[in-house]
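A.B. asks: Listed below, chain by chain, are the residues.
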Amino acid sequence: MTRYAMVIDLNTCVGCNACMAACAMENQTPVWKGEWRTYVHEKEIGVAEQVRRRFFPRLCNHCSNPPCLTVCPTGATYQRADGIVLIDPERCMGCRACAMACPYDARYEVTYDDIKLGKEFYGDLQRTSPSMDKCSFCAHRLDKGMKPACVETCVGSARQFGDLDDPSDPVTQLVASGIAQPLMPHLGTRPNVYYIDDLKRKG
Amino acid sequence: MNIEAFRKIEGQAFYALAGLLGLVVLIGFGAAHYMETHGHVVTGMTNQIVWGLPHVFAVFMIVAASGVLNVASIGSVFGKPVYKARAPLSGLLAIALLAGGLTVLMLDLGRPDRLIVAMTHFNFKSIFALNVILYTGFFAIVAVYIWTMMERKMHAYSKYAGFSAFIWRLALTTATGSIFGFLVARQAYSSAILAPMFIIMSFSYGLAVFILVQSFMYLWNGLELDPAILRRMKNLLATFAGAVLYFTIVYHLTNLYFAKQAAFEQFILVDGGIFTTLFWVGQIFIGTLIPIALLLHPTLGANCKTVIWSALLIVVGGFAQLYVIIIGGQAFPLELFPGMQESSTFFDGAIHYYHPSLPELLLGIGGIGMALLITTIAVRVLRFIPQDDFHHVSKEALTD
Numbered sequence: 090m091t092r093y094a095m096v097i098d099l100n101t102c103v104g105c106n107a108c109m110a111a112c113a114m115e116n117q118t119p120v121w122k123g124e125w126r127t128y129v130h131e132k133e134i135g136v137a138e139q140v141r142r143r144f145f146p147r148l149c150n151h152c153s154n155p156p157c158l159t160v161c162p163t164g165a166t167y168q169r170a171d172g173i174v175l176i177d178p179e180r181c182m183g184c185r186a187c188a189m190a191c192p193y194d195a196r197y198e199v200t201y202d203d204i205k206l207g208k209e210f211y212g213d214l215q216r217t218s219p220s221m222d223k224c225s226f227c228a229h230r231l232d233k234g235m236k237p238a239c240v241e242t243c244v245g246s247a248r249q250f251g252d253l254d255d256p257s258d259p260v261t262q263l264v265a266s267g268i269a270q271p272l273m274p275h276l277g278t279r280p281n282v283y284y285i286d287d288l289k290r291k292g
Numbered sequence: 096m097n098i099e100a101f102r103k104i105e106g107q108a109f110y111a112l113a114g115l116l117g118l119v120v121l122i123g124f125g126a127a128h129y130m131e132t133h134g135h136v137v138t139g140m141t142n143q144i145v146w147g148l149p150h151v152f153a154v155f156m157i158v159a160a161s162g163v164l165n166v167a168s169i170g171s172v173f174g175k176p177v178y179k180a181r182a183p184l185s186g187l188l189a190i191a192l193l194a195g196g197l198t199v200l201m202l203d204l205g206r207p208d209r210l211i212v213a214m215t216h217f218n219f220k221s222i223f224a225l226n227v228i229l230y231t232g233f234f235a236i237v238a239v240y241i242w243t244m245m246e247r248k249m250h251a252y253s254k255y256a257g258f259s260a261f262i263w264r265l266a267l268t269t270a271t272g273s274i275f276g277f278l279v280a281r282q283a284y285s286s287a288i289l290a291p292m293f294i295i296m297s298f299s300y301g302l303a304v305f306i307l308v309q310s311f312m313y314l315w316n317g318l319e320l321d322p323a324i325l326r327r328m329k330n331l332l333a334t335f336a337g338a339v340l341y342f343t344i345v346y347h348l349t350n351l352y353f354a355k356q357a358a359f360e361q362f363i364l365v366d367g368g369i370f371t372t373l374f375w376v377g378q379i380f381i382g383t384l385i386p387i388a389l390l391l392h393p394t395l396g397a398n399c400k401t402v403i404w405s406a407l408l409i410v411v412g413g414f415a416q417l418y419v420i421i422i423g424g425q426a427f428p429l430e431l432f433p434g435m436q437e438s439s440t441f442f443d444g445a446i447h448y449y450h451p452s453l454p455e456l457l458l459g460i461g462g463i464g465m466a467l468l469i470t471t472i473a474v475r476v477l478r479f480i481p482q483d484d485f486h487h488v489s490k491e492a493l494t495d
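Chains C and D are the protein sequences, given in the same order. Read in order, the letters of the first sequence are residues 90 to 292 in my numbering. Read in order, the letters of the second sequence are residues 96 to 495 in my numbering.
What the hints contain is simulated information worked out from the structure, not anything from laboratory work. Just so you know, even glycine gets a beta-carbon here, dropped at the ideal spot from N, CA and C. Heads up, some of the hints might be wrong.
To give an idea of the interface, some chain D residues facing chain C are shown, with a C-beta separation under 7 Å as derived from the structure [said to hold, decoys possible]: (1) G139; (2) N142; (3) R206; (4) A213; (5) A280; (6) L429.
In silico negatives: residues of chain C with every beta carbon more than 12 Å from chain D [to be verified]: (7) T163; (8) Q215; (9) A265; (10) S266; (11) I268.
Residues of chain D placed beyond 12 Å of chain C at every Cβ, according to the derived structure [said to hold, decoys possible]: (12) G117; (13) G205; (14) V239; (15) H250; (16) V279; (17) Y284; (18) N316; (19) I324; (20) R327; (21) L407; (22) V411; (23) V476; (24) R478; (25) I480.
Turn these sequences into a full structure, and let the hints guide you.
C.D. replies: And the structure:
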């Protein structure tokens with residue numbers, strides 16, 4: 090079995106936003122209204138003198154126990170055997186329950202206007218109908234043996250992608266060592282995006 | 096004035112009212128079309144405030160639809176004659192309000208044209224899918240219930256239909272409250288108390304709506320409602336309003352007990368701006384304390400106008416309460432790094448702002464227009480006006 094996961098090293102992310110650009114071009118997201126499948130934002134975390142600034146890439150966490158999947162009334166959100174959570178645009182009716190349920194703020198809406206603008210912006214737009222949208226771990230690229238566009242393009246190799254069911258995979262080892270931690274594990278969503286937050290290298 | 100002339104004027108007034116309500120509905124459809132075409136980017140809704148003003152209207156109507164059936168339940172299930180005479184109107188209002196609420200919800204979907212998908216593909220883990228079944232079933236059960244009440248041959252089955260409707264509406268409101276109760280992505284929700292709280296809210300809103308509609312119908316037809324009937328209803332209304340207050344207190348005290356919820360409670364109760372104002376002024380003062388005081392006042396409470404005004408205040412308070420629950424609940428962020436100070440350009444740890452737009456308001460009002468239009472036409476076509484027959488109502492039945 091395969092269980093895809095991503096590890097993002099906050100120490101090596103330089104905030105160049107190349108991943109956002111690569112993702113937008115690969116997945117034709119409605120960037121004109123500020124909607125991205127992955128988004129790198131600046132973040133200050135900590136208390137008092139311990140406060141540190143980080144570039145913080147965000148995306149769908151492809152949870153093993155995804156609340157967006159549970160809440161979706163029509164089953165438009167589904168999970169592949171390899172753990173990737175996807176949306177069937179033909180079955181999505183745009184109720185936005187998934188956006189309400191997602192603690193990672195990963196989902197946004199693609200509208201009729203976005204399709205019209207997308208054709209002008211990207212030329213050959215693959216999407217034909219509106220629906221909710223989010224990161225797919227570039228499932229179409231993985232199926233061809235390639236890495237997700239954001240991982241492929243990351244300047245500082247901050248994003249690493251691998252298979253958690255493969256013990257020799259560096260991603261598995263980082264997760265197993267506890268260096269890489271998921272966001273909000275207490276919610277029980279069991280996310281498959283992990284972050285390395287090295288306190289020693291603050292600044 | 097002779098009967099002929101009166102009927103002519105009354106008929107003209109009916110068409111004027113139906114036309115006005117039809118216009119309100121059409122404006123609502125227009126607003127929905129505008130939002131659907133351009134997307135929610137033209138509204139106040141964002142990725143953070145996912146559900147906005149239309150949901151406040153929709154949830155109010157859905158919750159009130161369930162509660163308004165209480166009048167019929169008290170009549171059929173608990174055998175109170177005064178309420179029994181009002182049971183058909185209660186059933187009609189339940190259907191009309193649910194239709195109005197669901198219309199708003201459907202038109203607010205990103206793809207309302209795909210509603211059929213929701214009716215044919217079910218994810219049974221989803222509380223929303225369960226709600227689709229419960230709403231559809233509610234229409235069917237209440238329609239059968241009305242039939243058993245209005246068709247003489249079916250009277251024998253009325254009690255069974257009423258009992259089924261009573262149980263079904265409890266399930267429906269439980270599921271509506273659970274929409275929020277099952278959400279872990281906001282500090283405000285993920286609480287088991289929301290389901291019973293929604294049930295008691297439905298009792299209060301539903302009865303308030305019923306009193307308002309009933310009063311308007313009596314006024315419209317030049318009839319006078321027996322003060323004894325309104326007196327009984329006002330006692331019940333005050334009890335329900337008090338029960339909502341009780342659940343609200345328990346909800347907030349429970350939150351305050353948990354340290355992780357302290358910041359959220361601080362936000363809603365103390366420094367949440369519009370949400371704090373709506374909570375204290377809208378929900379607690381205008382929507383709860385004033386109506387309870389008026390309804391229980393020994394002299395003021397006996398006045399029909401006071402009861403009607405109190406019902407109106409409870410409706411206003413209901414909207415304020417749902418605004419705080421639905422939008423205030425989304426405005427407060429989930430804590431990403433508990434115990435840490437944080438600021439980010441991705442709205443983490445930041446209060447989310449929401450400015451309702453005109454199309455959202457028009458869609459919500461359109462839903463109310465839809466509910467009232469259905470009621471107006473149905474009352475005109477069928478005999479839904481309460482038929483009180485005091486010869487058969489014992490004195491005791493009016494005094495408990």
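A.B. asks: All the hints need checking, so say for each whether the structure fits it.
C.D. replies: Hint check results:
1. G139: Violated - the Cβ of G139 of chain D stays beyond 7 Å from chain C, reaching only about 14 Å at its closest.
2. N142: At 5 Å from the nearest chain C Cβ, N142 of chain D passes the 7 Å test, so the hint holds.
3. R206: holds, 4 Å
4. A213: holds, 6 Å
5. A280: holds, 4 Å
6. L429: holds, 5 Å
7. T163: At roughly 5 Å from the nearest Cβ of chain D, T163 of chain C sits no farther out than 12 Å, so the non-interface label is violated.
8. Q215: Correct as stated: the minimum Cβ-Cβ distance to chain D is 18 Å, above 12 Å.
9. A265: Given that every Cβ of chain D is farther than 12 Å from that of A265 of chain C, nearest at about 23 Å, it holds.
10. S266: Since the minimum Cβ distance to chain D is about 21 Å, S266 of chain C lies beyond 12 Å and the statement holds.
11. I268: holds, 17 Å
12. G117: For G117 of chain D, whose nearest Cβ neighbour in chain C is about 27 Å away, the distance exceeds 12 Å, so it holds.
13. G205: Contrary to the label, G205 of chain D does not stay out of reach of chain C, its closest Cβ about 2 Å off (not over 12 Å).
14. V239: holds, 25 Å
15. H250: Correct as stated: the minimum Cβ-Cβ distance to chain C is 38 Å, above 12 Å.
16. V279: Since the minimum Cβ distance to chain C is about 5 Å, V279 of chain D lies within 12 Å and the statement is violated.
17. Y284: violated, 9 Å
18. N316: Non-interface label on N316 of chain D holds, nearest chain C Cβ at 41 Å vs cutoff 12 Å.
19. I324: holds, 41 Å
20. R327: holds, 40 Å
21. L407: L407 of chain D is indeed farther than 12 Å from all Cβ atoms of chain C, at 31 Å.
22. V411: holds, 26 Å
23. V476: Answer for V476 of chain D: holds, closest chain C Cβ roughly 33 Å.
24. R478: holds, 38 Å
25. I480: I480 of chain D clear of chain C: closest Cβ-Cβ about 38 Å, beyond 12 Å.
In summary, the structure is inconsistent with hints 1, 7, 13, 16 and 17 from the numbered list given earlier, while agreeing with the others.
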